Amino acid sequence: MTAENENNLLQMSSIEQNQLGKVEIAPEVIEVIAGIAASEVDGIAQMRGNFASGVAERLGKKNHGKGIKVELADEGIVLDVYCTVKFGTAIPEVAQKLQDNIRQTLMNMTALEADEVNIHVVGIQFDSAKTEEEDKEQN
1 MTAENENNLL QMSSIEQNQL GKVEIAPEVI EVIAGIAASE VDGIAQMRGN FASGVAERLG
61 KKNHGKGIKV ELADEGIVLD VYCTVKFGTA IPEVAQKLQD NIRQTLMNMT ALEADEVNIH
121 VVGIQFDSAK TEEEDKEQN
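In full-length UniProt numbering, the protein residues as written are 1 to 139.
Since the hints were made in silico from the structure, they are not lab data.
These numbers come from a predicted model, not from an experiment.
Check each hint, because a few of them may be wrong.
Said to hold, decoys possible - Mimicking DMTMM-like on lysine to aspartate or glutamate, the simulated pairs with C-alpha atoms at most 20 Å apart in a straight line are:
hint, residue 1, residue 2
1, K69, E116
2, K97, D80
3, K97, E24
4, K22, E113
5, K97, D74
Based on the sequences and whatever the hints tell you, model everything.
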């Protein structure tokens, strides 16, 4: 393992060191955990990704870390979550549930406490199938 890779790993300071050695978690693992936790929240339509992740998903590869940015700062773990919410949902409530679920899932799976979970709502998804049906019913 290179020195660069070792610097990118997060040591689990909340778990005491034992005779067997230390446990390190890569930031990518935290991204995946947060991404799965985000997908469990009602009101979240999708996570924002980039062009490469969109192409990979079309080819059948699911990217669970999509829309999550993990920063390992001196102060601790900072997560930025970029998501699209469903139209008609209360954004503050969905954002609060999202923060709570990510924080709790991260704590349960890794025993790590996230210092910040910042939610960035980057869009609203309208359910076009329902509006088309409603239009047909009105006519």
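Evaluated hints:
1. K69 <-> E116: holds, 12 Å
2. K97 <-> D80: holds, 15 Å
3. K97 <-> E24: Violated - the C-alpha atoms of E24 and K97 are around 28 Å apart, more than 20 Å.
4. K22 <-> E113: Distance ~18 Å between K22 and E113 Cα, so the pair holds.
5. K97 <-> D74: violated, 26 Å
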